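Construct the entire structure; sequences and hints are all you get.
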Amino acid sequence: MDEQLSDEQRQLRDSAAKLCGDLGGAKRARVLRDAGQDIDAVAWQAICDAGWLGMLVPEARGGLGLGAVELYIVLEQTGRHAVMTPLLEMVASAWLLGAVDVPQPLLPAVLDGSPIIVPALDADGWAFRKASPGIARVPAFASSARDFLIESDGRLGLLPRPQATKIAPNVDGSHAATIAVSESAQIIAGGDEAARLAARLGDLLALGSAIELLGLCESALALALDHVKTRKQFGQPLGSFQALQHRLADNFVDLELNRSLLHRISLAWDEGTAVPAMIAAAKARSVRVTTEIMRNALQLHGAIGYTDEHDIGMLWKHALAQSARYGNELTQAARFARLTADEV
Amino acid sequence: MPWDIASLFSDDAPADRDFRAEVRDWVADNCPRELCHRRDRIQPPELKPWHRRLFERGWIAPHWPKEYGGMGASLTQQIILFEEIVRIGAPTPYPHGLNFIGPIIIAAGTEAQKARFLPGILSGDATWCQGYSEAGAGSDLASLQTRAVLDGDHFAVNGHKMWTTNGHYADWMFMLVRTDPEAKPRHAGITMLLVDMRAPGITVRPIQTLKGDAEFAEEFFDDVRVPQENMLGGLNQGWRIAGMVLGGERFTTGHPRYALVYLQQARELAKRTGAWDDAGFRDRLTALEIDLLAFLAYYRHAAKLHGTKAAPLSSAPVIKIAGGTLAQRSADLLVQAAGGEGASVDDILLASSAVNVASELFEMRRLSVGSGTTEINRNIIAKRVLGLPDAER
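Chains as they are written, first to last, in this note's numbering: chain S, 1 to 344; chain C, 1 to 393.
Please keep in mind that the hints were generated in silico from the structure rather than gathered at the bench.
Keep in mind that this is a model prediction, so the values were computed, not measured.
Heads up, some of the hints might be wrong.
[Unchecked claim] Below 25 Å or equal to it, Euclidean Cα-Cα: the simulated BS3-like pairs (lysine-lysine) are:
no., chain 1, residue 1, chain 2, residue 2
1, C, Lys48, C, Lys211
2, S, Lys229, S, Lys27
3, C, Lys309, C, Lys66
4, S, Lys232, C, Lys383
5, C, Lys66, C, Lys304
6, S, Lys229, C, Lys383
[As the list claims (entries may be wrong)] Some but not every residue of chain S turned toward chain C, in silico, with C-beta under 10 Å:
no., residue
7, Gln236
8, Asp254
9, Met278
10, Arg285
11, Gln332
12, Thr340
13, Ala341
Just so you know, even glycine gets a beta-carbon here, dropped at the ideal spot from N, CA and C.
So, in structure tokens, the structure goes:
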């Protein structure tokens, strides 16, 4: 993809790679998990300082006025280095606050990174299975969020995090929660506007999480390649055995296709030609391929892969959390099937 | 799929869109209808008038330089021509002259060879075949043993070639022969010859394929005399010369059209047979349509980069592996959609087409074998792209 980037996009990629490489990593994610923290405060400050949160907000509303391709560039890096921050969620929340008809006084503060607002989705049209009415799922950053962005009765609103929010940790140390959608939400959009924005928001989150998975898979594949090139058994590097070479080649092929698909959809998003079925396909395939690559990468590591100490397991755990949020493989595949069912 | 394959993720610039419209209209007016949507293999003699019409329109060799009678077209235009021809179910010209040996003659031939061979390739008057594979030399092509010995101003050729598409129709064969049996590495002892198939000493025997048609032939060479002037490139330069085949070829052989057509037919057929109501069928269809979308994005991306410095080494094997696997699995699903008719020799009639599901199933097996097996392509990715080591000896 890199060959299609403009000079500005290249600079963005390089600075994102440096920031994420310096501050992120599987080891850092493990430290945060063990400390019970669902956000990397140091990385978060650096990301807020970089101004990325306003990526999809028009300049007229105080944002950077960039597009999904720039989001792709940054999320590939946060994924690659398993950076534990709500970048995607806040970019999406800021986009929404900047897209509603009535300008939101909260927007400038959100663009600076505080308060943290995390989408909590549950209803039809958001790409996820319909949960019980009145219940919303917060997939991550439930401890750090001040407000949750919810949809209720066809309206979009901000719900202050209830005092009694019960945190349910994910395997990667991120904090999920199930909350009751109460009357105290501040309504920010209703009617057709709410339905339209909610659908777009769901697509944006699904696309973003798929891009983070791409980065995670790149790291897992790189770890596996390093391992099989150096580890010797039967007097040979593991990587010289054709059975293993072919599995890695298949992983590479699968990932190449996803890279092109996600980049294409990002371009289409910016051109206004992205349709929901494309995004459903992209998330479904990203999760499918992630599962396959993580499984193979762990297997190739042998016993060391089955330890908490090794990075490959931490990458898989973070990938598992990214896969589960905003529509997993089968949820999105079923959605794709519904969206394309009437075509012959 | 709710999208038109020709426009989805398209890179067509405005000029390309005009060209596409022009080609579409012309093909509709000029392609013989009896050649469209055929499930039998159209043999070279029947294809010649269509080849000639494309030649006369100036569109037969989009990828050749203008000075040699081509269009000097961009890869995008080449793909447009291809897509608009296959859109109405029309056959594309055979690639052996136009895509394989033609560009090699242009790159490595003498002026006399260019003058002698290129016009017949363009007009379609000369049918060509490729003499590479042998009974003992498939994936390991460098082990080929058909022998050529220089005797005065002629080579004497002895040996056997196999799996030669159109071997029994060809006027000419471009062949790789062993001219130095002692060479190390083995591929340093191979030469490319252009051989008149009517020369004395050549015996051709057709081979019936799994699909049931006579696509291939095998050829026996018994002291066949080949003039030295028909050597292409230098002595023992054949391996290097053969590598000059243009990479653009992969964008027609690897085009996503097979999967697209099969999956559309599978949808239609499944609604009739009831397979549509089976969750298992729908799941598999969904997975393949998602793969098709991803492959299409990759294909367009690779086409855009083709010929630029940024074109990755991996795009040829990725297209080969991903496209081949996708087409095969789509044909497999088409058989499932047919239910109890899945093994029938007869065509199944659909609303706008007819399909022979078993024939398609078997035809698709060629994609993972011909022009480099899937396994060889995995080796290429493993070693040249991922940098995985050879076994230590």
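Taking the hints in turn, this is what the structure says about them:
For the hint linking C:Lys48 to C:Lys211, the alpha-carbon distance of about 23 Å falls within 25 Å, and the restraint holds. For the given pair, S:Lys229 sits about 22 Å from S:Lys27 by alpha-carbon distance, which is consistent with the 25 Å threshold. With a C-alpha separation of about 23 Å, the suggested pair C:Lys309 and C:Lys66 falls inside the 25 Å cut-off, and the hint holds. Of the pairs offered as hints, the one joining S:Lys232 and C:Lys383 holds, with about 17 Å between alpha carbons and a cut-off of 25 Å not exceeded.
For the hint pairing C:Lys66 with C:Lys304, the CA-to-CA distance comes to about 22 Å; that is within 25 Å, so the pair holds. Among the hinted pairs, S:Lys229 with C:Lys383 is consistent with the structure: their alpha-carbon atoms are about 11 Å apart, no more than 25 Å. Interface hint at S:Gln236: satisfied, since its Cβ lies 5 Å from the closest Cβ of chain C, which is below the 10 Å cut-off. Taken as an interface hint, S:Asp254 checks out: its beta carbon lies about 8 Å from the nearest beta carbon of chain C, inside 10 Å.
Among the interface hints, the one on S:Met278 holds; its C-beta lies about 7 Å from the nearest C-beta in chain C, closer than the 10 Å criterion. At about 5 Å, the closest approach between the beta carbon of S:Arg285 and any beta carbon in chain C falls short of 10 Å, and the interface hint on this residue holds. The interface hint given for S:Gln332 holds, since its Cβ lies 9 Å from the closest Cβ of chain C, which is under the 10 Å cut-off. For S:Thr340, the suggested interface contact is upheld, since its CB lies about 6 Å from the closest CB of chain C, less than 10 Å.
For the restraint placing S:Ala341 at the interface with chain C, the shortest Cβ-Cβ distance is roughly 9 Å, inside the 10 Å limit, so the hint holds.
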